[in-house]
Amino acid sequence: MQISFDNFGSERVFYLKDEHEHAEGGSTMLGFWIYLMSDCLLFAILFATYGVLSTNYAAGPAPKDLFDLWTVALNTTMLLLSSITYGFAMLSADEGKQRSTQFWLIVTALFGLAFVGIELREFAHMIHDGATPQRSAFLSSFFALVSTHGLHVSFGIVWIVTSMVQVRMHGLIPANKRRLMCLSLFWHFLDIVWIGVFTFVYLMGMLR
Amino acid sequence: MTVTTHSADYTAGHSDQGAHGSRKAYLIGFWLSVLLTAIPFYLVMSGIVQNREATGVLLVAMAAVQIVVHMVCFLHMNGRSENGWTMMSLIFTVIIVGIVLSGSLWVMYHLNVNMMLSPDMSQMP
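Line order of the protein sequences matches chains D and X.
Take 0 as the starting number for the first sequence in numbering that gives the first Met the number 0 and just add one per residue.
Take 0 as the starting number for the second sequence in numbering that gives the first Met the number 0 and just add one per residue.
For the record, the hints were derived by calculation from the structure and aren't laboratory data.
Where hints are given, some of them may not hold.
To give a feel for the contact side, a few chain D residues facing chain X, derived at Cβ under 10 Å [said to hold, decoys possible]:
| hint | residue |
| --- | --- |
| 1 | 36 |
| 2 | 82 |
| 3 | 90 |
Heads up, simulated BS3-like pairs for lysine-lysine below, C-alpha to C-alpha not over 27 Å straight-line [what the hints assert, rightly or not]:
| hint | chain 1 | residue 1 | chain 2 | residue 2 |
| --- | --- | --- | --- | --- |
| 4 | X | 23 | D | 176 |
| 5 | D | 176 | D | 96 |
| 6 | D | 96 | X | 23 |
Ideal placement from N, C-alpha and C gives every residue a C-beta, glycine not left out.
Turn these sequences into a full structure, and let the hints steer you where they fit.
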């Protein structure tokens, strides 16, 4: 069966007659924002899972036995510094300064790498002590939440390197600025998620 | 001619959507974040507040403030960008996240409490 809305001869028209012009990429930022909101839901579910399971130690190690707050503080510093350096990269891009944009991007990527490195070292330490994801529900949900965030940061670093190559090849054209803007939202969003992680997982964990 | 002007206006109207923050906004956001990160770590590491519940409440309050600081200073959130659609989608997400978090914790807490085997449970009908 075919449904046709064309009704020639009468006044029924089901399309916009004068379609106005859309600027290229005019909807990119809103679309990317909605992606971030969906990512937010993903993290909310992981946080909820952690919240429910975080006291089920199965006679295994508790947060107090595992977490070293100095490491977490160092990691938080790395992520916070990478946030401000990304801000500087965006400001340089706005002013059309390609070299300084590239400089701040690589600084951001290095801070990001430091963050992932410290986190992996912490994980390796825990796993070496027998605190693997299989040990207890607390550890399963801990690794699920924290490593999902870590994976996001890792892919963010890949994206930063990709953007640097793009900027090097094509310069700070509007399309590249738009991509940097999306990456900016993504990177700052990860920092916001980390606020939740260090507050609810690490600091609250040490209070128990 | 009118068409060209119209489309130029349209582009101009759209270009302010990615309103980037100023250097000042980034620096204010950064120093506020440093403060709002350092205080919770200090509270827990020094154990200066004896009451655990009070410390927990302080931690959550400071995390909430820091999230707002990041939203405003780094993500440049305001009610005007994209004709308010970013704010609308944010409010929607916050509501859903609130329901998911509080609902899960509430339901699972009561489930845990009711499933707990206590001695007088066996006398219950």
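Hints, verified against the model:
1. For residue 36 of chain D, the shortest C-beta to C-beta distance to chain X is roughly 4 Å, which falls under 10 Å, so the interface hint holds.
2. Because the smallest distance between the Cβ of residue 82 of chain D and any Cβ of chain X comes to about 6 Å, under 10 Å, the interface hint for this residue holds.
3. Evaluation of the residue 90 of chain D hint against chain X yields a held restraint, the C-beta minimum of about 6 Å falling below 10 Å.
4. With a C-alpha separation of about 21 Å, the suggested pair residue 23 of chain X and residue 176 of chain D falls inside the 27 Å cut-off, and the hint holds.
5. A C-alpha spacing of about 12 Å is found between residue 176 of chain D and residue 96 of chain D, which places the hinted pair at or below 27 Å, so the restraint holds.
6. Distance hint between residue 96 of chain D and residue 23 of chain X is fulfilled; the C-alpha atoms sit about 18 Å from each other, no more than 27 Å.
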